[in-house]
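Enquirer: Sequence:
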Amino acid sequence: ILNTIYLALIISFFSQIGDLIISFLKRKAKIKDTGGFLPGHGGLLDRLDGILLAVPIGIILVGL
Numbered sequence: 001i002l003n004t005i006y007l008a009l010i011i012s013f014f015s016q017i018g019d020l021i022i023s024f025l026k027r028k029a030k031i032k033d034t035g036g037f038l039p040g041h042g043g044l045l046d047r048l049d050g051i052l053l054a055v056p057i058g059i060i061l062v063g064l
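Counting from 1, one number per residue, gives the positions in the sequence shown under the numbering used here.
Everything labelled a hint here was simulated from the structure, so no lab data went into it.
Given the structure is predicted, the values throughout are model-derived calculations rather than measurements.
Hints should not be assumed to be uniformly reliable.
[Stated by the list, open to error] Label-pair distances were calculated between CB atoms; the ranges are: (1) I59 to I21: 14 to 20 angstroms; (2) P56 to D33: 33 to 39 angstroms; (3) L64 to I17: 15 to 21 angstroms; (4) I5 to V55: 15 to 21 angstroms; (5) P39 to L64: 37 to 43 angstroms.
Glycine residues also receive a C-beta, built at the ideal position from the N, C-alpha and C atoms.
Construct the entire structure; sequences and hints are all you get.
Expert: Below you can see the structure in the form of structure tokens.
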């Protein structure tokens, strides 16, 4: 069970990092919303940006 807790913490950390990276890139490009699908929420990319980094990291860690 301790390994599961460590895995969850690592994946959560990388999810936050992914969110920060995409937010940084959006600010550099001076883009507020990445699409009109979810107006007022920053677009669909803003809802998925943390997942884009966390899922591959999770797959790599589970595969080890």
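Enquirer: Now, for every hint given, state plainly whether the structure supports it.
Expert: The hints, checked one at a time:
Range check, I59 to I21: Cβ separation about 18 angstroms, and the 14 to 20 angstroms hint holds. For the pair P56 and D33, the beta carbons lie near 25 angstroms from each other, so the given range of 33 to 39 angstroms is not met. About 19 angstroms separates the C-beta atoms of L64 and I17, a value consistent with the hinted range of 15 to 21 angstroms. At about 19 angstroms, the CB distance of I5 to V55 agrees with the hint of 15 to 21 angstroms.
Taking the beta carbon of each, P39 and L64 are about 41 angstroms apart, inside 37 to 43 angstroms as hinted.
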